[in-house]
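Visitor: The lines below spell out each chain.
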Amino acid sequence: MDVAPNWYLALSAVLFTIGTFGVLFRRNAIVVLMSVELMLNAVNLTLVTFSQSMGDPSGQMLVFFSIAVAAAEAAVGLAIVIAIFRSKVTVDITEIHLFKH
Amino acid sequence: MFFLLATVAVAAALGMLIARNPVSSALWLVLNLFCIAGLYLTLNASFIGVIQILVYAGAIMVLFLFVIMLLNLSALPELEEIEWASIGGFAVGLVLLSQLLYMVALQFELGVDPVGAEAAAEVGSAASLGEILFTRYALHLQVAGVLLLAATVGAVLLAQRRFQ
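If you read the sequences in order, they're chains A and B. Going by the working numbering, the first sequence opens with residue 23, and the numbers climb by one from there. Going by the working numbering, the second sequence opens with residue 440, and the numbers climb by one from there.
None of the hints are false.
To be clear about the criterion: a stretch of chain A counts as covered by chain B if any three or more of its residues have a C-beta under 8 angstroms from a C-beta of chain B, and this derived list gives those stretches:
1. 35-42
2. 48-58
3. 73-86
4. 93-101
5. 105-119
Hints are computed from structural coordinates only; laboratory data are not their basis. No experiment lies behind these values; they were computed from the predicted model shown. For each residue, glycine too, the CB sits at the ideal point set by N, CA and C.
Full structure from sequences and hints, please.
Guide: Next up, the structure:
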């Protein structure tokens, strides 16, 4: 690696915060799910940075399983969005309040 | 190389945050994922870099784009008034960013000496990761397979037409 690991960690922090802003501010449920993927990617970047700088492959195994879980999460989350869209005909999360009476 | 990829990654993430159309959001996120894959390659983590392109940019983002086009979404209308909750969320995000950057700026010690580029390339290669994946993490691999099967069944069940 040509630059210090701290630069990778700082980039990861910035990407994680952008993902947090996406979750907090966007009203489209699909964009919220994409922001969660961005946050997962930021954490994966941190794990790979530490794993490579310490020479320990366990961190990259964790990233491998985290990618598998992210795939499962995306599939189930999008299926829920489709199911909600069928009944409410919107993906605006401010319009969706199924638990409210 | 790092600074080029990092700049494009942050710009693409901001583009995803700002874009009003969900399709352009998804395409910005694809660009961001490719940049992160390039960053993995600069870290000599070749296996994870290839997995990132194959699974994230290849499979997951295609799923997102497929759903966006299936639902035929248009951009949501603008909110006219500024809500206090948005200002609170902005403050929370800024506090989070400053905390994370402060922790990074502390220049903490890892406890072990950083390994060189050759050792890092050896650790990140598909051969060494495959060896540890099928020995120490074999059970975890099986559990991940079961999880993916359950997610597939659950997604099909949830997206069925008669599910209410």
